[in-house]
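Trainee: Taken in sequence, the protein lines are chains A and B.
First residue of the first sequence? That's 1 in the numbering used here, and the numbers climb one at a time after it.
First residue of the second sequence? That's 283 in the numbering used here, and the numbers climb one at a time after it.
Hint data in this document are derived by calculation from the structure and do not stem from the laboratory.
Here the structure is a predicted model, which means the values were calculated and not measured.
For glycine and all other residues, C-beta sits at the position ideal for the given N, C-alpha and C.
Hints should not be assumed to be uniformly reliable.
[As the list claims (entries may be wrong)] Facing chain A, a subset of chain B residues (Cβ under 7 Å, in silico): (1) 300; (2) 304; (3) 309; (4) 373; (5) 389; (6) 404; (7) 454; (8) 549; (9) 559.
[Stated by the list, open to error] Calculated cross-link-like contacts (lysine-lysine; reagent style BS3-like; alpha-carbon spacing at most 27 Å): (10) 8(A) with 380(B); (11) 8(A) with 342(B); (12) 380(B) with 483(B).
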Amino acid sequence: MSALRRRKAGNIVMLSLTYVASVLATLPLLFILFHLLQKGASTVSPDFFTHMPRPVGEAGGGMSNAIVGTLILIGIAGAIGLPVGIGAGLYLAEKRTGALAMTVRFLSDVLNGLPSIVLGIFAWQFLVRPFGNFSALAGGIALGAMMIPLVTRTTEEMIRLVPNSLREAALALGYPRWRTSLSVILRTALPGIVTGALVAIARIAGETAPLLFTAFGNQFWSTALREPIAALPLQIFAYAISPYDEWHAQAWAGALVLIVIVLVISLAARHVTRARFGSSTD
Amino acid sequence: MTGAATGDRLYQLAVTGFALVIPGLLALIAIAIGVAAWPAFSTAGLSFITSSEWNVQAGKFGAAPAIYGTLVSSFIALALATPLAVGVAIFLSEIAPKWLRQPVAFLVDLLAAIPSVVYGLWGIFFLVPMLRDHVVPFLRDTLHLGGTPLFSGPAYGPSMLAAGVILAIMALPYISAVTREVLLAVPRSQRDAALALGATKWEMIRDAVVPYARSGIIGGVILGLGRALGETMAVTMVIGNRPEISASLLAPGYTMASLIANEFTEATSDLHLSALMAVGAVLFVVTLIVNGIARWLVWRVASGPRA
């Protein structure tokens, strides 16, 4: 009887521990969001989006250049990452088990596992060093390279979800293969691919490490692609490690804005999937 | 018909070309890092990895402290994150009432969406002071761990411990997402059989569910390790950036990624720059190996017969 009691007690203890683990695991997120709101909300004003950074000692000012810079970097990254990722995803979904497809799939996972700072070194060596100056273009390309494996993977998965009968029906109606792939298969899988693209964008929007070597950051207003450009994460980093209280406040405000951007994109991604596949995916 | 054939050929060419970008990109990355790192490797030789003297003025570059710091901080991260992540995954797949699963899973997943630099900011202003003022005194005075080398010496704040804790928070969602997925893939019959034999719920989880999913869980942990090894910004902001090996977890340290990020902007000599890139090369190789092992583990068990 005591053996049974011991087993039951063990059961209760271990099951309670999983409750404790769940509470502990969600606490950091709640703390981070709370601190961001507490420290950042009071500094975020309309000025924050429309004004340039102020020098040390002057309160106020904004990060308009960094916000625009981040949008430009995302644009360049998307222009590279989306077509390549979607094209490679189409290839992988259609070839499935060919030797090249297996290799590309494996290498895509390898690329996805590389630290982002390594991609920064790559872009620096080829796009910054030879030209002698940091540039928005190099930063965008580093981020675009990060996007490629993410978009490839989701595109492949989404296209595989499209029933084969759809492809067969289109081919039976006399559609050439390429039009079947692009206007039937790709189109059916589009909401899922959009979700994947948004997730990838959310991931690179806050990326900082590769930009240290490439976009570099800029205290002034610049939208030139061949010049160093400001970016929200870089600005947060620079302000966070500075010794000035005014800049710390700006860093919190920037972090709050960044996290809102990332969360809005992430939620949009979930919404797109749900709209297409209904509640069955959740 | 020829129009369709041309279209097909063009389409094939285009998607194959896009697919080939991936191997091409990896090759370029390897070349870039190799070229950038070569001067440092050829100057320092094997001592680049084994020497622990990183002295920019003297032109001595030994990356051992950074390699050590990367391993130690990642180990702390996994030691803290794995039990929590597996606990959450078990809770979500086996125990939690239906209405609670979605929200908790969502909150844990959100941890993965927070940018590294935001973790760093939070780390500087909350985690580091919190560890210094509350956790370290607790470890020393209440648990009497101050006498052990791990928790001895002055505690200024930025430390290996802080880096490990922030990495744990960042790796947690990756480990728990993979674990949750593999636990959900365990067949119902596995659970029913254990319960039919009179197992308690915990015994069912321990003896019938977790062993079945073990390989996937290990894969998830190694995926988390891959993330932790290469994490840059948050670590740079809380680890203290000092190129010395210290037994104490309360002392500042360096990781490979944080060393590169922290010294890049101040590197003026070509050899210093090259040494930083060589650290990147070591990091590149280490993450390749770790990710390779993770994939191999998952593949081996997924394709082999199950007990």
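Trainee: Decide, hint by hint, whether the structure agrees.
Mentor: Results of checking the hints against the structure:
Annotation: residue 300(B) was flagged as interfacial toward chain A, and the flag holds, the nearest CB pair being 3 Å apart, inside 7 Å. Hint status for residue 304(B): holds, given a least beta-carbon distance of 5 Å to chain A, under 7 Å. Proximity of residue 309(B) to chain A is violated relative to the hint, the smallest CB-CB distance being about 9 Å (cut-off 7 Å). Proximity of residue 373(B) to chain A holds as hinted, the smallest CB-CB distance being about 4 Å (cut-off 7 Å).
Checking residue 389(B) against chain A by beta carbon gives a least distance of about 5 Å; that is within 7 Å, so the hint holds. Proximity of residue 404(B) to chain A holds as hinted, the smallest CB-CB distance being about 5 Å (cut-off 7 Å). For the restraint placing residue 454(B) at the interface with chain A, the shortest Cβ-Cβ distance is roughly 6 Å, inside the 7 Å limit, so the hint holds. With a cut of 7 Å, the hint placing residue 549(B) at the interface with chain A is violated, because the nearest CB-to-CB distance is about 11 Å.
The criterion of a C-beta within 7 Å of any C-beta in chain A is met by residue 559(B), whose closest approach is roughly 6 Å, and the hint holds. A C-alpha spacing of about 24 Å is found between residue 8(A) and residue 380(B), which places the hinted pair at or below 27 Å, so the restraint holds. Pair hint residue 8(A) plus residue 342(B) does not hold up; C-alpha atoms about 61 Å apart against a cutoff of 27 Å. At most 27 Å may separate the alpha-carbon atoms for a hinted pair to count; residue 380(B) and residue 483(B) meet this at roughly 17 Å.
Consistency note: the structure conflicts with the earlier hints numbered 3, 8, 11.
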